[in-house]
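Respectively, the protein sequence lines represent chains E and R. Counting in numbering that gives the first Met the number 0, the final residue of the first sequence is number 72, and the numbers go up one at a time with none missing. Counting in numbering that gives the first Met the number 0, the final residue of the second sequence is number 147, and the numbers go up one at a time with none missing.
Misleading hints may appear alongside valid ones.
When the alpha-carbon atoms are kept at most 20 Å apart in a straight line, the in silico EDC-like pairs for lysine to aspartate or glutamate are as follows [said to hold, decoys possible]:
#1 E:K11 x R:E51
#2 E:K11 x R:D48
#3 E:K30 x E:E17
#4 R:K123 x R:D80
#5 R:K123 x R:E85
#6 R:K112 x R:D80
#7 R:K126 x R:D80
#8 R:K55 x E:E4
#9 R:K123 x R:D38
#10 R:K56 x R:D110
#11 R:K2 x R:E59
#12 R:K64 x R:E102
#13 R:K56 x E:D47
#14 E:K22 x E:D47
#15 R:K56 x E:E4
#16 R:K55 x E:D47
#17 R:K56 x E:D61
#18 E:K22 x E:E4
#19 R:K2 x R:E15
#20 R:K66 x R:E106
#21 E:K62 x R:E51
#22 R:K112 x E:D47
#23 R:K64 x R:E106
#24 R:K126 x R:E39
#25 R:K126 x R:D38
#26 R:K2 x R:E21
#27 R:K66 x R:D110
I should point out that these hints are in silico values taken from the structure, not numbers from a laboratory.
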Amino acid sequence: MVRVEFLGPIQKDTLELEITNLKELADVLQKLPEMAEWLENSAIAVNDTLTSELDIALKDGDKISMLPPVCGG
Amino acid sequence: MLKIYDGGLPVAKILEEWYQEESTSNYGAFLPFIGTIRDEDGIIGLSFDIYEPILKKWFEAWVNKAKSRGAIIKMAHSRGDVLLHESSYIACVFSPKRRVALEFIDEFVEDFKASAPIWKYDLKDGKRIYALDRSTAINGSGLLGVNG
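Could you put the whole structure together from the sequences, leaning on the hints where they help?
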């Protein structure tokens with residue numbers, strides 16, 4: 000089971016999914032209408048490290064975070 | 000040194016602490032940047048969410064970058080609501096000579112704006128409104144989108 004957390008302004012509860020890579024996560028999230036505004040502008044972290052690879056293998060207990068556009072200061 | 004505070008920052012206390020911490024470290028330059036909340040667009044303040052695990056990693060990378068130039072950095076940021084004219088962000092660089100500190104604070108604050116996992120909201124008309132139009136997508140965003 001992989002946990003998917005939505006950070007900052009994304010108003011969505013954590014998901015727990017049986018997925019083995021980020022491509023499968025993309026397929027799940029692209030079917031959810033409430034995610035449409037966030038998929039194109041959010042970054043993805045696996046176990047708190049940002050990633051740019053869709054084919055990273057995921058294992059049981061991994062944490063995925065979705066980070067929408069930022070503005071500190 | 001990265002510290003997160005609930006609400007507005009105690010600016011004088013933080014600067015005094017940082018100054019004292021390095022007062023005998025033989026740095027010739029101490030360059031603080033202090034960000035404050037301006038009265039504009041009818042807001043009564045700003046509010047912030049922070050994701051600390053990635054913020055800490057991001058900051059650690061900058062600590063190492065500073066070290067490679069003989070400098071050190073310190074940073075404080077607010078979480079939650081910060082009212083008008085209060086401070087939500089202080090960053091500083093200590094370095095042996097001024098040129099490194101002047102250049103480094105600019106690079107550091109620019110990357111902070113573009114990459115640090117912090118989300119800003121306007122406090123206005125009794126609401127907390129995400130400041131999307133002033134926010135920056137982190138490098139590599141869109142991975143899970145249809146073009147990812």
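Okay, the hints, checked on the actual structure:
1. E:K11 x R:E51: The hint holds at about 19 Å.
2. E:K11 x R:D48: holds (15 Å)
3. E:K30 x E:E17: Satisfied, since the Cα-Cα distance of roughly 16 Å is no more than 20 Å.
4. R:K123 x R:D80: Status holds; Cα separation ~12 Å.
5. R:K123 x R:E85: Holds - the C-alpha atoms of E85 of chain R and K123 of chain R are around 16 Å apart, at most 20 Å.
6. R:K112 x R:D80: holds (19 Å)
7. R:K126 x R:D80: holds (12 Å)
8. R:K55 x E:E4: Given that 20 Å is the threshold and the Cα spacing comes to 18 Å, the pair holds.
9. R:K123 x R:D38: Holds, at about 11 Å.
10. R:K56 x R:D110: Answer holds: K56 of chain R to D110 of chain R is near 13 Å, not above 20 Å.
11. R:K2 x R:E59: Distance of about 13 Å is within 20 Å: holds.
12. R:K64 x R:E102: holds (13 Å)
13. R:K56 x E:D47: Holds. K56 of chain R to D47 of chain E sits at ~8 Å (cutoff 20 Å).
14. E:K22 x E:D47: Holds, because 18 Å separates the two Cα atoms, which is no more than 20 Å.
15. R:K56 x E:E4: Answer holds: K56 of chain R to E4 of chain E is near 18 Å, not above 20 Å.
16. R:K55 x E:D47: holds (10 Å)
17. R:K56 x E:D61: holds (18 Å)
18. E:K22 x E:E4: holds (16 Å)
19. R:K2 x R:E15: holds (15 Å)
20. R:K66 x R:E106: Distance of about 14 Å is within 20 Å: holds.
21. E:K62 x R:E51: holds (15 Å)
22. R:K112 x E:D47: holds (19 Å)
23. R:K64 x R:E106: holds (11 Å)
24. R:K126 x R:E39: It holds: about 16 Å lies between the C-alpha atoms, which stays within 20 Å.
25. R:K126 x R:D38: Roughly 16 Å separates the two Cα atoms, so the pair holds.
26. R:K2 x R:E21: Holds. K2 of chain R to E21 of chain R sits at ~17 Å (cutoff 20 Å).
27. R:K66 x R:D110: holds (17 Å)
Of the numbered hints listed earlier, not one is contradicted by the structure.
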